[in-house]
Amino acid sequence: MDRGAKVFGALGQRLYSNRMRRAAKKEEPATYERLVYKNTSVYHYMSISLEFENEETLSPAQLKQFIVNGLKDIYGEVGGAFPFDLLKFDELKLTAILRVYNSGLVKLWSALTLLSSFDQERCAVRVNQERCAVRVNQVSPFLLALSGNSRELELH
Amino acid sequence: MEALVNARLPADHEHILHIVALKKKQAEKFTTAFLKKNLTSMTEEKINDIVQHKAVLLHYARKKKERKKIKRTKGLNAKQRRELKVFQLKPENQKYELFLPLHELWKQYIRDLCNGLKPDSNPQNIQQKLLKADFHGAVLTVAKSKCPSYVGTTGILVQEMKHVFKIITMEDKLKVIPKRNSVFAVEIDGFVSHIFGSKFELRSSERSAKKFKVKGTIDL
Amino acid sequence: MYRELEKCPRSLLVCEKSNFENEKSSHDTHVSKHYFNHKVSLVIPECRSLPPKLASVINNFKKYFLIKDLPVYEFLDKDFLENVVWNGALYALSYKTSIDQDNTIALLPSSHLILSVDKDTYEQLGLEGKPSQYNHKQPMRYVVTIDLTEKSMAPGGKRYQRVLSSLKERVPLKSHFLLARHNSGVEGDRVLQSLLARYQWKDHTPVVRSHTLKDLSCPSLRSTDLRGEQHSCDPSSFLEWLGAVSAGVSCDNTATSFTSTYVCPEPNTPVSQALHCTLSGLLLPEDIYSLLQELRRYFDEPKFTSWLSLTVHGFMDSPVSWGDREHGFHKGGENFYNFVLFRNQDYWLHMGTGSNDRCPP
Chain A
1 MDRGAKVFGA LGQRLYSNRM RRAAKKEEPA TYERLVYKNT SVYHYMSISL EFENEETLSP
61 AQLKQFIVNG LKDIYGEVGG AFPFDLLKFD ELKLTAILRV YNSGLVKLWS ALTLLSSFDQ
121 ERCAVRVNQE RCAVRVNQVS PFLLALSGNS RELELH
Chain B
1 MEALVNARLP ADHEHILHIV ALKKKQAEKF TTAFLKKNLT SMTEEKINDI VQHKAVLLHY
61 ARKKKERKKI KRTKGLNAKQ RRELKVFQLK PENQKYELFL PLHELWKQYI RDLCNGLKPD
121 SNPQNIQQKL LKADFHGAVL TVAKSKCPSY VGTTGILVQE MKHVFKIITM EDKLKVIPKR
181 NSVFAVEIDG FVSHIFGSKF ELRSSERSAK KFKVKGTIDL
Chain C
1 MYRELEKCPR SLLVCEKSNF ENEKSSHDTH VSKHYFNHKV SLVIPECRSL PPKLASVINN
61 FKKYFLIKDL PVYEFLDKDF LENVVWNGAL YALSYKTSID QDNTIALLPS SHLILSVDKD
121 TYEQLGLEGK PSQYNHKQPM RYVVTIDLTE KSMAPGGKRY QRVLSSLKER VPLKSHFLLA
181 RHNSGVEGDR VLQSLLARYQ WKDHTPVVRS HTLKDLSCPS LRSTDLRGEQ HSCDPSSFLE
241 WLGAVSAGVS CDNTATSFTS TYVCPEPNTP VSQALHCTLS GLLLPEDIYS LLQELRRYFD
301 EPKFTSWLSL TVHGFMDSPV SWGDREHGFH KGGENFYNFV LFRNQDYWLH MGTGSNDRCP
361 P
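Protein chains in written order, with the working numbering: chain A, 1 to 156; chain B, 1 to 220; chain C, 1 to 361.
A few of these clues could be false.
Simulated restraints, written as ranges between beta carbons of each label pair [what the hints assert, rightly or not]:
| id | chain 1 | residue 1 | chain 2 | residue 2 | range |
| --- | --- | --- | --- | --- | --- |
| 1 | A | Asn39 | C | Glu294 | 57 to 65 Å |
| 2 | A | Asn39 | C | Ser49 | 35 to 43 Å |
| 3 | B | Glu201 | C | Glu169 | 23 to 31 Å |
| 4 | C | Ala197 | B | Leu102 | 48 to 56 Å |
| 5 | B | Met170 | A | His156 | 46 to 54 Å |
| 6 | C | Thr212 | A | Ala61 | 24 to 32 Å |
| 7 | B | Gln159 | C | Met140 | 31 to 39 Å |
| 8 | A | His156 | B | Leu102 | 51 to 59 Å |
If you want a taste of the chain C side facing chain B, the calculated C-beta under 7 Å gives, among others [claimed, not checked]:
| id | residue |
| --- | --- |
| 9 | Thr121 |
| 10 | Glu123 |
| 11 | Gly126 |
| 12 | Leu127 |
| 13 | Glu128 |
Hint data in this document are derived by calculation from the structure and do not stem from the laboratory. Built from N, CA and C at the ideal position, the CB exists for glycine as well.
Let's have the full structure, built from the sequences with the hints guiding it.
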């Protein structure tokens, strides 16, 4: 963290408390305040895309179950049990946005990378396995950054 | 045999040799007296021992040749060399043109060494030859270096030392370039070879005897 | 057992609160120092379509050029230096080069040429540079910064010759370039055109997309409460919500939902509609600044909403973020800033960077 930023932060806080004391007027212009947060986000966000050998359709719930199974395969029942959210799933393009706590990022990422087969139906008689791959397009602690991926800029 | 030695001389012989043979007792006395007189360092018993010792070895002994000491011309030692600056190029001799003939000579030498450089020659063979060749007179260019300011320096190699190349540039400047952390390019008749300086830290005389190992990739 | 697996790289978020009319407010430098902007996104609650004034500013964003396989030494051409580089702000950034694996080149409007090159290229290039700040034990990337306004860089000068021979003979670096110019002098245009004519090029205008979002809930914000302590929303959850709106993530989930538990941060107010407008391309800071000025005027007429937001995303593969601060990719390469404008000319500025970036100014 910049030293200057720290100083500014302290100064800002002082200004802030001054401001609090004089909070009588409502539409008074805001005083300068600067805050520096390090690792402020408790989440990391991932934008992923799926690739199947054959054309495949699946629902958001199926996708989530698929990832949960992948996590269990690698980290076991306990290690693989942590919450993550499937924020968005585009069923046509097969792209998704995941949200995971910082502590689970590495585990989720590794599990996604190692996912290689999609079990369509897990039954005792016939296990219909299909090869698939999950591509991690972008990872960021800010969900906002996911909508501004400059690597996707295509010009002709 | 002993009897023969100890026998008296025949009387006629006495006459011919003009000597008078001593009687046996007299002879013995003479011998002991003679030995005693001449071998003063030995006791009587010892002399007796030697006299009793009959075996006499008569072997051939070569005369020891006297070795002539070859006087080696003692050269200058390192300190003297430094003081006299024998291996340093005088500023007035630091001319690129002065070294052009050396470069021509070197080209000739490399062509001879590689049996003539043709476009279809095997580059690997040439490299094998170049590895053992002498580079004095070659035009060296620094192709890569950890220190950016060396990159692009070109000139004729005038002196190779264990850790540095001394080259003279077109601008008549003598540059000392460390071998370590640089890659040099040598061009001859269209063949460009790259020398990894870090692996070349040897005197040129030592290099001719060194076995270079083939390595997949080398970093600076 | 999994302790190592639970670590993650750091990120920085700087939040500022001030007023546009505050003399010391530095919103203009923050905008103008963020050179390479890839996307601008506007969120205006309670708005159905762009007001005409705003639309005209958005449509007046400068066009930019894509030049294929442009050798870098072309920037050092005497004519080009004198008429285009020194005279008027020129922005150039190599296109489709990843900062974490390729050689990336940028020309800043301050006439600094920045070459972010890998180790091998650096060793061959023969130009002084610094190892990148975001190296591991062994430096694998170097940053060469050349100030083109320096005296020794005058055409014909010793250093100029060296740079030219490095880029022309030793390592003929070339790349596709995105190029844009702010002040267009007549002479500068002529020189630029003559450069373009020698290569394959095309001009592009920033792509504008706008759509109206219906029936959503917006977090309530109070301009004096940046931290979100007095019944409003804290910066990171506000940015998360903004991201959710931009990405089209639905907010109506319950806490027990299997797929997603994301909900709009509390407290929030239902909004019948909101305008979401994006621009993408190589966007000049000058244009963004005039957009910001226009947005300030949005509240001149009475509006339902008390705030609106402007987000600017930088290029992930730009070698600099703000000013000449080095930027790296690591795993996201995010560098963006976001203005929240309030009715009384107060503003919040959020600046976010990933792990390979210094703290924003």
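Going through the hints against the structure:
Taking 57 to 65 Å as the suggested C-beta distance range, the pair Asn39 (chain A) and Glu294 (chain C) does not conform, at roughly 35 Å. As the Cβ distance of Asn39 (chain A) to Ser49 (chain C) is approximately 39 Å, the hint placing it in 35 to 43 Å holds. At roughly 28 Å, the beta carbons of Glu201 (chain B) and Glu169 (chain C) sit within the given window of 23 to 31 Å. For the pair Ala197 (chain C) and Leu102 (chain B), the beta carbons lie near 49 Å from each other, so the given range of 48 to 56 Å is met.
At roughly 48 Å, the beta carbons of Met170 (chain B) and His156 (chain A) sit within the given window of 46 to 54 Å. Roughly 29 Å separates the CB atoms of Thr212 (chain C) and Ala61 (chain A), a value that falls within the hinted 24 to 32 Å. A C-beta distance of roughly 35 Å is found between Gln159 (chain B) and Met140 (chain C), which places it inside the suggested range of 31 to 39 Å. Between His156 (chain A) and Leu102 (chain B) the beta carbon distance is about 58 Å. The supplied range of 51 to 59 Å therefore holds.
With its C-beta approaching chain B no nearer than about 10 Å, Thr121 (chain C) sits outside the 7 Å limit, and its interface hint is violated. Annotation: interface hint on Glu123 (chain C) holds; nearest CB of chain B at approximately 4 Å, less than 7 Å. At about 3 Å, the closest approach between the beta carbon of Gly126 (chain C) and any beta carbon in chain B falls short of 7 Å, and the interface hint on this residue holds. Taken as an interface hint, Leu127 (chain C) checks out: its beta carbon lies about 6 Å from the nearest beta carbon of chain B, inside 7 Å.
For Glu128 (chain C), the interface hint holds, the least distance from its beta-carbon to any beta-carbon of chain B being 5 Å, beneath 7 Å.
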